[in-house]
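Chains as they are written, first to last, in our numbering: chain A, 1 to 388; chain B, 1 to 372.
If you're looking for bench data, these hints aren't it; they were derived computationally from the structure. Owing to the predicted nature of the structure, the values given are computational and were not obtained by experimental measurement. Accuracy of the hints is not assured; some may be wrong.
Stated by the list, open to error - Below, in silico cross-link-like pairs of lysine-lysine (DSBU-like), each with a Cα-Cα straight-line distance of 35 Å or less:
#	chain 1	residue 1	chain 2	residue 2
1	A	Lys385	A	Lys77
2	A	Lys186	A	Lys77
3	A	Lys220	A	Lys176
4	B	Lys66	A	Lys220
5	A	Lys176	B	Lys66
6	B	Lys161	A	Lys186
7	A	Lys186	B	Lys314
8	A	Lys126	B	Lys314
9	B	Lys66	B	Lys315
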Amino acid sequence: MFSPEIPRRDRVLGASANRRQFLAGTAALSAGTLLPGLSRLAPRTQHVILVAFAGGVRTRETFGTPANIPNLARLAKEGVVYHRARTANLGHFGASLSIFTGIAEARGIRENSRGEDPTVFEYARKELGLAPSDVWIATSGGAQQANYASSIHPDYGARYAANTLDGDGIFNQEFKRLLDAYGRPKEMEARERELLDRLRGAIGGQRSAEDVARSANDAKIENYILDELTRGTVDLRGTGAADAKALRVARNLLSIFRPKLLGVVLRDADVAHGNFNAYQEVIRRNDAMLGELIAAVQDDPELAESTAIFVLPEFGRDADLNSRRGLDHGDGSDDINYVSIAAWGPDFQRGVVSNNEVRTIDVAATIGTLMDFQGRYVRGKKLPKLFA
Amino acid sequence: MRSLLLASTLVLLPLAASPWVQGDDVPERTAAEPADALEARRLRALYIDLFGRPPTLEERARWLGKGAAELLDVALGEPEFWRNWLTEELYFLLLIDNFRPTSERVLALPERLAAGELGVRDALVYVALSASFDRRNPGPDTFVTVVLEQFRGENVQASPKNLAVGKKLYDGTPARFLGQMGRTQADVVRLALGDRHALEVLLARAHRRLLDTEPERRALGDWARRLERDPLAFGGIVREWLLSSAYQARLETRRTLPNHAFVRALFVDLTDRAPSDVEVDRIRGAMDGLADATPLRSVFARLLVDSGQAVLPKKAAIDDPTAWVAGLFERLLGRSATKDELRTFVTTFHEEACRPATILLALVTHPDYATW
């Protein structure tokens, strides 16, 4: 179904892109500061979707059991799949964050604070001058995952953060019922809205242009949230509902905001600690929801030929079941330390299966190459044999 | 550097009459300073630090102009103070939403802490031995890692030995863990929380929460020794912190309210009542789902104002708009309005399209309101 014929017409780069290419190339030669492995710029990709299929997912239950992942398997078949992607058990939070920063960094399992290294979202926003509405993350893990939005790095940080929405945190029945109990906010007359803006602008002196832009972005998000509450996302229930909501939110964000960079972070597979069957159920459901997201790309003529998709877990799980017939993640086996990366997009090769060893942190470097931003602190390298 | 400076200039205020300072726990005074009268800013900040919410109108009327020490002596004996401490600790452990402990033993902790029946360390042992903590941190690797990271500040990747031994205990194998023998999952918790180092980690966390600075090493050691000697000393230590010059210094800058405190503040400021835990959790959970919760904070402020539950006078009943607006600035932002602010607000108030709700919304949806 999502097997579009990708037209091979040449892409005409705008003047700014050409200039950026030139500058990037010059900088690479003179300073050697570009992403390692950056040798060419992708000519067609305009949107990137990065799905952290996280919560600890072994290749055995994904590509090793194709019936669990029909959509992901087809995506891989039409793109490139790496079955030996090295990662580390840095805790779910740290290992997922590493995918976004391109640096393997240990973080506490329950640590609830921003990282120190910039994420791909910050690189993209700062270096490409992207607006807040161009960069989004849909999550399923609540408060902790909001920390993926940005780092505390002094050169990047909150000013270049991604908009982050947790599907289950916001779009749940309890919250909807609570809002329904209070009633919807009344539409404000235009004149009153003007007065409100004037009053808010008067508090604490002049507002900066950045503040004004942020207010406009906030207003868009306000409307989006209120609209999304009336869509079906709220009604997703059962095992893996939080992940399903993250993927549904991502799909809806894609059609409304058409972001340049969209991250999705899942986590429900961690139910595996106590229930292997539920773990497989989560994988199957996530694959189905991923199918929706992919279809949204495929069904849109512009997105279909300009969107790249990456899907990878943050790490795997133990080789053997625990005493509760679940799967923990702490045995140091290859099952936990190696995962699979699927990459699909108009600039990538098709039907390539690679068993070369790569790293999950290489995805950040590869996105830098695709989107044409430098990743000063990224330690990964561009994925090999990916580009057509 | 700044924290060292602040700690070294700590000024202790009169303590002897307080029920929170007993016997040889009375520290030597380094300087005497009269207790500060509570003005708008300090009263609002102290209430948020103590109870996780600003004062109601009645509480405000009661405490404005009174001494901070007097407020603290009352507050530290209230279950609401300990409930707020527990809420912060549960949030730190991410025991929220579906993982919020529901056992009687944990729910009873604030009352027992207020009654002096147990101390903060024992309270955390109860929390870590709850079914919710176990469900939140399933399996030996996750459980022991979280205990070591959260209660002891360890980096298990850098020094994995304690993790390896802790996992043995979790699985029922006797082993020497943190210098003592243990053999059960419960022993992992008891031993991890059982020494002075765990108390230092606990106190440093509370210090950061209240004073926004890292404690000075030596002072931290002293406080931990006091808490080790007297398990009920935590309230007295908090009292000292909140009466110190370091706390005064902390009030010179504004910090962003965490979502749960923002929700409580909004309820109290708009409806003059504290929300239930269920109300807070649902709204907080939604706000936590956004890296920048501003849009949802704004939505919820509009909802509350328009719900008919907000305590708002009719426009015609406001005889002195200048005084009304000035009062709102003091109450909601904890500061006086500037002349320019007052002029703009009062001029706008007189416009036909401006409702009292418009004024209120402008204040509670402004970024300054979301700070304390």
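Structure-based check of all given hints:
1. A distance of roughly 15 Å separates the Cα atoms of Lys385(A) and Lys77(A); the hinted pair therefore holds under the 35 Å criterion.
2. Taking the CA atoms of Lys186(A) and Lys77(A), the gap is near 50 Å; set against the 35 Å cutoff, the hint is violated.
3. Proposed proximity of Lys220(A) and Lys176(A) is supported: the alpha carbons are some 19 Å apart, at most 35 Å.
4. Taken as a hint, the Lys66(B) and Lys220(A) pair is broken in the structure, with Cα atoms around 45 Å apart against an allowance of 35 Å.
5. Between Lys176(A) and Lys66(B) the alpha-carbon distance is near 42 Å, which puts this suggested pair outside the 35 Å criterion.
6. Restraint check for Lys161(B) and Lys186(A): not satisfied, since their Cα atoms lie roughly 59 Å apart, outside the 35 Å limit.
7. Restraint check: the Cα-Cα separation between Lys186(A) and Lys314(B) comes to about 18 Å, which is no more than 35 Å; the hinted pair holds.
8. Using a Cα cut-off of 35 Å, the hinted pair Lys126(A) and Lys314(B) is violated, with the two alpha carbons roughly 48 Å apart.
9. Note on Lys66(B) and Lys315(B): the hinted pairing holds, with a Cα-Cα distance of about 32 Å set against a maximum of 35 Å.
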